[in-house]
Amino acid sequence: MSLLHLAVISPLLLALLIPFLHKHFRKIHTGWFLLPLPAVLFGYFLQFISVTRQGDTVMETIPWISSLGIDFTVKVDGLGLLFALLITGIGALVVLYSIYYLSPEKEKLNTFYIYLLLFMGAMLGVVLSDNLIVLYAFWELTSFSSFLLIGYWNHRERSRYGAQKSMLITVFGGLSMFGGILLLNSITGTFSITETIAMSNEVVNHPLFTATLILFLLGAFTKSAQFPFHIWLPDAMEAPTPVSAYLHSATMVKAGIYMVARMTPVFAHSGTWVWLVAGIGIITLFWGSFSAVKQVDLKAILAFSTVSQLGMIMSLLGAGAAALHYGTIQDGYYIVAVTAAVFHLINHATFKGSLFMVTGIIDHETGTRDIRKLGGLMNFMPITFTLAIIGTFSMAGIPPFNGFLSKEMFFTGMLRIAEMDIFSFDTWGILFPIIAWTASVFTFLYSMIYVFKTFTGKYQPEKLDKKPHEAPVGMLIPPVILASLAVIIGIYPDVISGRLISPALRSILPALLDDSKAYEVHIYHWHGFTPELFMTIGVIAVGILLYKTLTKWTGVYRAFPEKLALNRFYDSGLEKLELGSLNITRGYMTGFIRTYLVYIFTFFVLALGVTLFYRNAFALDFSDVAPIRFFEVVLVAIMAISAITILFAKSRLTSIILLGSVGYTVALFFVIFRAPDLALTQLVIETVSVALFLLAFYHLPQINRKEEHMRFKLGNLLVSIGVGVIVTMIALSAHSNKSFKSISEYYVENTYKKAGGENMVNVILVDFRGFDTMFEIAVLGIAALGIFAMIRLRLTRGKE
Amino acid sequence: MFEAILWISVTFISLAMIGLIFRVIKGPTVADRVVALDAIGISLVSVVALVSLLLETSAFLDIILLIGILAFIGTVAFSKYLEKGVIMEYDRSGNS
Amino acid sequence: MEILMAFLVGILFMTATYLMLSKSLLRIIIGTGLLSHGAHLLLLTMGGLKRGAAPLLGENAPAYADPLPQALILTAIVISFGVTAFFLVLAYRAYQELGTDNMDRLRGKEGHE
Amino acid sequence: MNNLIILPILIPLITGVILIFFTKNIPVQRWVSAAGFLLMIVAAGMLVSHVYQDGIQTMHLSNWEAPYGITLVSDMFSALLVLTTSIISFFVVLYSFKSIGEEREKFYYYPVVSFLIVGVNGAFTTGDIFNLFVFFEVMLMSSYVLLVLGGTKIQLRESIKYILVNIISSALFVIAVAYLYSVVGTLNMAHISLRLSEVSDLTIITVIAVLFLIVFGLKGAIFPLYFWLPGSYYAPPAPVMALFGALLTKVGVYSITRTYTLFFYHDTGYTHELLQIMAILTIIAGVIGAVAFTDIKKIVIYNIIVAVGVILFGVSVFTENSLAGSVFYIIHDMNIKAALFLLIGIVISITGTSDLNKIHGLIHRYPGVAWTFFIASAALAGIPPLSGFAGKLLIVRSGFEAEDYIGAAFVLMSSLLVLFSVMKIFIRGFWGAPRAYKNEENAPVKWLLFAPALLTAFAVLYGFGTEAIYPVISMAAETLANPEIYINAVLKE
Amino acid sequence: MTDLEIAKFFAGIFILLGAFLSLVTAFGLIRLPDVYTRNHAASKSATLGVMFVLLGTFIYFYFVENHFNSRLLLGIAFILLTSPVAGHLIGRAAYNSGVKPTDLTVQDDLATAKKTLAAMDQQK
Amino acid sequence: MKTNDVILQTVTKVTLFIIILFSIHLFFAGHYYPGGGFIGGLMTSGAIVLLLLAFDIKTVKSILPIDYIKLTAIGLLFAIGTGAGALLFDMPFLTHAYTYVNMPLLGKTSLHTAVLFDTGVYLVVIGVTMTIIQTIGESE
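Which chain is which? The protein sequence lines are A, B, C, D, E and F, in order. full-length UniProt numbering numbers the first residue of the first sequence as 1 and each following residue consecutively. full-length UniProt numbering numbers the first residue of the second sequence as 1 and each following residue consecutively. full-length UniProt numbering numbers the first residue of the third sequence as 1 and each following residue consecutively. full-length UniProt numbering numbers the first residue of the fourth sequence as 1 and each following residue consecutively. full-length UniProt numbering numbers the first residue of the fifth sequence as 1 and each following residue consecutively. full-length UniProt numbering numbers the first residue of the sixth sequence as 1 and each following residue consecutively.
There's no promise every hint is true.
Unchecked claim - Beta-carbon label-pair distances, calculated as ranges:
{"#": "1", "chain 1": "B", "residue 1": "Glu3", "chain 2": "F", "residue 2": "Pro65", "range": "32 to 38 Å"}
{"#": "2", "chain 1": "A", "residue 1": "Phe648", "chain 2": "F", "residue 2": "Glu138", "range": "34 to 40 Å"}
{"#": "3", "chain 1": "D", "residue 1": "Asn482", "chain 2": "A", "residue 2": "Ser50", "range": "52 to 58 Å"}
{"#": "4", "chain 1": "A", "residue 1": "Ala637", "chain 2": "B", "residue 2": "Val86", "range": "34 to 40 Å"}
{"#": "5", "chain 1": "D", "residue 1": "Ala433", "chain 2": "A", "residue 2": "Pro36", "range": "31 to 37 Å"}
{"#": "6", "chain 1": "E", "residue 1": "Glu65", "chain 2": "B", "residue 2": "Phe22", "range": "33 to 39 Å"}
{"#": "7", "chain 1": "D", "residue 1": "Pro444", "chain 2": "F", "residue 2": "Glu138", "range": "42 to 48 Å"}
{"#": "8", "chain 1": "A", "residue 1": "Ser103", "chain 2": "D", "residue 2": "Pro434", "range": "18 to 24 Å"}
{"#": "9", "chain 1": "A", "residue 1": "Ser103", "chain 2": "D", "residue 2": "Gly465", "range": "37 to 43 Å"}
{"#": "10", "chain 1": "A", "residue 1": "Asn616", "chain 2": "D", "residue 2": "Gln53", "range": "43 to 49 Å"}
{"#": "11", "chain 1": "F", "residue 1": "Asp67", "chain 2": "A", "residue 2": "Ser623", "range": "40 to 46 Å"}
{"#": "12", "chain 1": "A", "residue 1": "Ala637", "chain 2": "F", "residue 2": "Glu138", "range": "37 to 43 Å"}
{"#": "13", "chain 1": "F", "residue 1": "Asp67", "chain 2": "D", "residue 2": "Glu441", "range": "52 to 58 Å"}
Simulated from the structure, these hints should not be mistaken for laboratory data. Ideal placement from N, C-alpha and C gives every residue a C-beta, glycine not left out.
Turn these sequences into a full structure, and let the hints guide you.
Laid out in structure tokens, this is it:
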């Protein structure tokens, strides 16, 4: 096990220790034990920058299930490292923040931190695994730890709802991706991502390519809350705010982005990929920002904003993938889009992380997140206000914050897309910049709503539970760090461009950027009077206009039919699933044994009948039959008549007697077919059975057949005739297909010679097949025990 | 000749059995049925004897005694059932 | 003869099925009795009914009936006897506790109890 | 001559018989059965290692050469199942100590459980088709007794249905054997396989194959034949339910696997296609049922059906990999089903109900139970790296490789709904505001949790240690995929 | 006629007679009016019939096949012993369970006796 | 109603003897003629049933104070023991051994471990049938 592996699973290992730490150091907030870990890991991963900057990678392998090609391979390359740094860096800040946010008296800190560590480890595993199966395992672990974190306050109905929803949707995606992984594996024969990328040509030309691609994208889209799977994210806001800041803005939701970026080299050669990723991304962008505007809960605004920002990154990745489709860099023509994606990924983590923390502070200090109750907080919490301004302005794409830079690049990418000629991009491509711009307007709008509705306007103390004041320092440090990052990156973007962005790009577009000099990222503040600049100015202008006239046009949202809301669709879908299943199940599981038997017998008749017919198996061969003798016919007649008469018997006694007569006739058959042992046994057994019948049925009421209707009888008759016919037909065919001599000859020869007996049947019973007999008497013994217990042991319900 | 006799006898007994079965089915009382069943049991003895003769084997002769025993036990059980409604009493000395 | 027996077995299975589909517990149990008779006869038939002496070496016959199916049937008979006895007692107890032998009333509510 | 192979059958048999003599002495009942079962685990473990080292183990009972006497055959598949059965039954017995109640203990509960295991292990081990029938009957008879033991109303009512269905399936088994005997004239499974491979006209064999599918399908609860199962398994107390859920259907599944790999592999275009369709329908039906109910017993019971479908799908694909997947999965499922049933047994003993609407917030007082359940549920759904995963991976991948995309997709998506159904229990029953229950104090939760917790731990180990088990499993799959290995081991010495 | 044929002849006679008696039994059982008379027919003639058949069988096996079969003799003895008892039990059971004799019945001694007994009990 | 069963009881005593004799014959003849432990056991229990019919359960219990369930278990042990005996000689389970000996009076007779096995069957069958019958009888 290398140090790298240890780094990946160290959060999981620490999670095991948490219960002990929590139990024995009650006085210390459990979070303090956690804090060093992400910090140290962050430092550890920083070292790798020098490696990835050279275009090198580090790879370590521990064999796991090598027979299936599943090994725990950790690979650090530009993309993985970028994410690892995000996870550990923001992780450290979130842990610090949580120490002040969660009260050790009121909350179960041990479970909280176990979940958090599980998540952190899982996330590191996702971004650093080179083996798809291991990646998938960690992927599901993120879903589960997210489920647990969302349901942390599980006494709340909404928490449970949100947890279930997020789990269902993300696990659905995970399974789809698993299917994709397996399909991919059946094409390439490997689970290693590195090897798969090397084989991307074969993948693209495989007939199953599109299916594989879609399955992978389902995984990525659900995790990254892309339209229409985004509905889980707003409900996930039931989690404690540190969790939202960490999982639902900075890391987990980015796992989908990671996946798309990671698989771009494999899939991006096809236009489908470009279309789907860019298309879904842009729709998500628009829908998220559009929906965010109508929210009144600060966290909900941020949730929809996250959805929309993720859509933006996704669409950029899709647009950039075209570079691979064309197989050339073309002067960074499409690479700008990928660069923007990676860049915005970082930016989003900074400003959204800080905004979530700000929201947490507001919630913590005022007791509400409802913007209708808030207002004028500027005076009470100036630092928080400053942080919020930085965060929202960056989010809205206002210079000089980092969001502005990536937004500019985003417009560039979208404008480029319109010029592509994949599928129908030449005709529909023009929609991309238009939607992008519209969405940016809404982004601007909700950013303004967030900051100004909360911090400016009228202070409404009567609606608040407590008097607001500035948050404790510990709680402010993490958002301050993030906000300053947003500013620093905004001013000096090249701090990260060479160290983080270029190596990541190299991982996303390996074939194009093998030569490390091929493309160096440089981010400029000023491009000249480009269309992008005018678009930004337009966004701000229209945004301000819309903000001022907010009350006049929000009716638009009410016009949107509630019935078509995706949430409604999910809820009713789930309800219908349960109810429908219940109805279906109740429909056939009637509890009537007769129904079950009808199903069984019908299946018996149909399956065998169809097989007989379809395989043309029915055969009739008279050559090998014993002659029929008179008294045999008589016996057959007696038996048939007795059996059929039972059907019409009206009294229980008659039925039993007729059954007995069938049994005795069977014994006679045994006589004429030369089976003396059988005849003896059958006679005695039949007698005992009849006696038992009489004993048992002495207590049962007379047969009442009046309740049986004609249709009922007719159905039964049909089924029974079918059964009889099938049994006969197979018997005839089986008899006519005798292909081998029975092994019985051996018994005839050896019964005396080797077993020292003369009665073959008996010798078979006690010697050749004595084992059968032993367990046959065991069956009898068990039956006796059962009968004894059944009659003697009578538990009443209370004793159960 | 001998075989012919056997066949005739088989026919006789077969006919007899059919008659007895008729009685079993018809009743009218349970006692009638029991009587007929008893007779069937006894006739079965004859049938088995005849079959043994026809098949020229002594393998089935044990069955004869067996049927006799069973028929007897059966009849006793039946008649007790008829008479008392129970077949086995737990304690006869008591007022069962 | 095998062909005739095949038909007889068919009839036994038919009546057994019909009885098992009815509502009265008694008829159902009688159906199971018929069913096992049918199965045993079928096993015998499938072994071949060719003439031959009873499988006793004392018979000194040139050919014997196939002893193997006979042994199997014997086992099957005994087992089905055990099962039938158990079933009968169960029926008796069930009637005592539940007060009905009508299978329709023995359905049990799904998801309750 | 190696007599090891018979010990997993013989030990519980002797244990059971001895226990009959000490009916009223409950400590003896408990500890003798536990000791016997422990011994059985040891024997089964040794058997597995023997099979691993020396290949298929056979034993010609009564020393009669192969097709004439009864032969016990332990290939890796059966040895593994025997081992799993032994372990599960041991834990169920431990669990029963404080769960089943003294009345039942006095009325042959432990002997009958032993006999049940005799039947199950015997069915896994035997190499003779009629002997298989006999072991089925041992198993069924024991299950009848266990089902009805106690004689409550619901038990009596459901027993009738259960017995009726099984009588029918037994009769069908007999006629299936009869037909087969008519065609091939032998009963030894290896010999049957050998002779079947020499038959030129296979049409009737196909029909018989379908009949066998129906026979075993009734026991293994595949699609149109499983209707009896939910009601019957609902009635008995938790440990019995665990035994049934973990073992009984698996015997049916085992038998289908055995016959469809050893006998009926000549007309796969028809038989295995049919099996596949039925497997998929089984999955769908099971999932629908699992999702439908808000009763914890029902939910887990319907999950049995899903698992049966998944395993049989692997069998129907019929490649070495898919069979390996099925072997993986069947062992996993036995283990995890036992754990789940025992866990919901604990829940019922705490709350006194199995209605999910009346259970809330158990996690606050019983975190151990809750987390064990959580892990077991995740394992059930095949979440990596827990135990169901490797099997599902192999099955689905083989499905893709064999171009049975739809079936593989159903297997995959069944995981989601399975997870949904069991997480429903977790979310509604364990989460939520805590509440108090009557008789809560009387539930010996700590003792009861022991068995399922260990079984769940096995599930985790099984998942993580897949590589360690893999050679064993692939050996089992290899034997299944190549019938001649089996035939040679039995017939040519 | 050889010994063998003589034996066969006697065996045949016995068997035929026995079979005939069985037929008569059946005839009786069908034609006779009530359970008591039927019981009469069954227990007398059927027993005799079967004993004849068995005797014939025994003779045949003993003289022709040279096979002395003790169970056959035991069987004859058994039937001789039990058949009357069985008849008695059925008759009594029928009476006690209240089966009415046929209208042709002239006299019911047991009923009278029972009445007397009952009357005596009452007097006490 | 109290009845007088003198006739039945007297005849029972005689027939009982015949039945038992017959059952023992069937049991021992098994290896050579039709019969065997199974049918022998059934006949023996037939005899006991006849006793139960003619007398009553309590009387029969005092004559034959047997716990039939334990009898079943003993029978099973017999059968298993016979099989397991072979294990001691490192032979497969249930391997039988036999030899022919010349006994005075009886002539050539075989000593066969299969008889032991059959004894197990015999005991089990008696045990089981009597358990069933007696349990039901007592429950009435």
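Next item on the list: Please test the hint of 34 to 40 Å on the beta carbon pair from A/Phe648 and F/Glu138.
Entry: Since A/Phe648 and F/Glu138 have Cβ atoms about 36 Å apart, the given range 34 to 40 Å holds.
Item checked: CB-CB spacing for A/Ser50 and D/Asn482 relative to the 52 to 58 Å hint -> 54 Å, holds
Notebook entry, point to check: Cβ-Cβ distance between E/Glu65 and B/Phe22: within 33 to 39 Å?
Noted result: Because 36 Å falls inside the window, the suggested range holds.
Check: Between A/Ser103 and D/Gly465, does the beta-carbon spacing fit 37 to 43 Å?
Finding: Since A/Ser103 and D/Gly465 have Cβ atoms about 41 Å apart, the given range 37 to 43 Å holds.
Next item on the list: Could you say whether the range 32 to 38 Å given as a hint is met by the Cβ separation of B/Glu3 and F/Pro65?
Entry: 54 Å, violated
Next item on the list: Can you let me know if the beta-carbon spacing of D/Ala433 and A/Pro36 is within 31 to 37 Å?
Entry: 36 Å, holds
Checklist line | Supplied distance hint 37 to 43 Å, evaluated on CB atoms of A/Ala637 and F/Glu138 | finding: Check passed, 42 Å falls within 37 to 43 Å.
Notebook entry, point to check: So does D/Pro444 sit 42 to 48 Å from F/Glu138, Cβ to Cβ?
Noted result: 36 Å, violated
Margin query: I want to verify a distance hint. Is the separation of the beta carbons of A/Ala637 and B/Val86 within 34 to 40 Å?
Written below: 37 Å, holds
Notebook entry, point to check: Regarding A/Asn616 and D/Gln53, is the given constraint of 43 to 49 Å on their beta-carbon distance met?
Noted result: 48 Å, holds
Check: CB of F/Asp67 to CB of D/Glu441, is that within 52 to 58 Å?
Finding: 39 Å, violated
Notebook entry, point to check: Is 18 to 24 Å right for how far apart the beta carbons of A/Ser103 and D/Pro434 are?
Noted result: Roughly 20 Å apart at Cβ, these two residues keep to the hinted range, so it holds.
The structure fails to meet hints 1, 7, 11, 13 from the earlier list, while all remaining hints are met.
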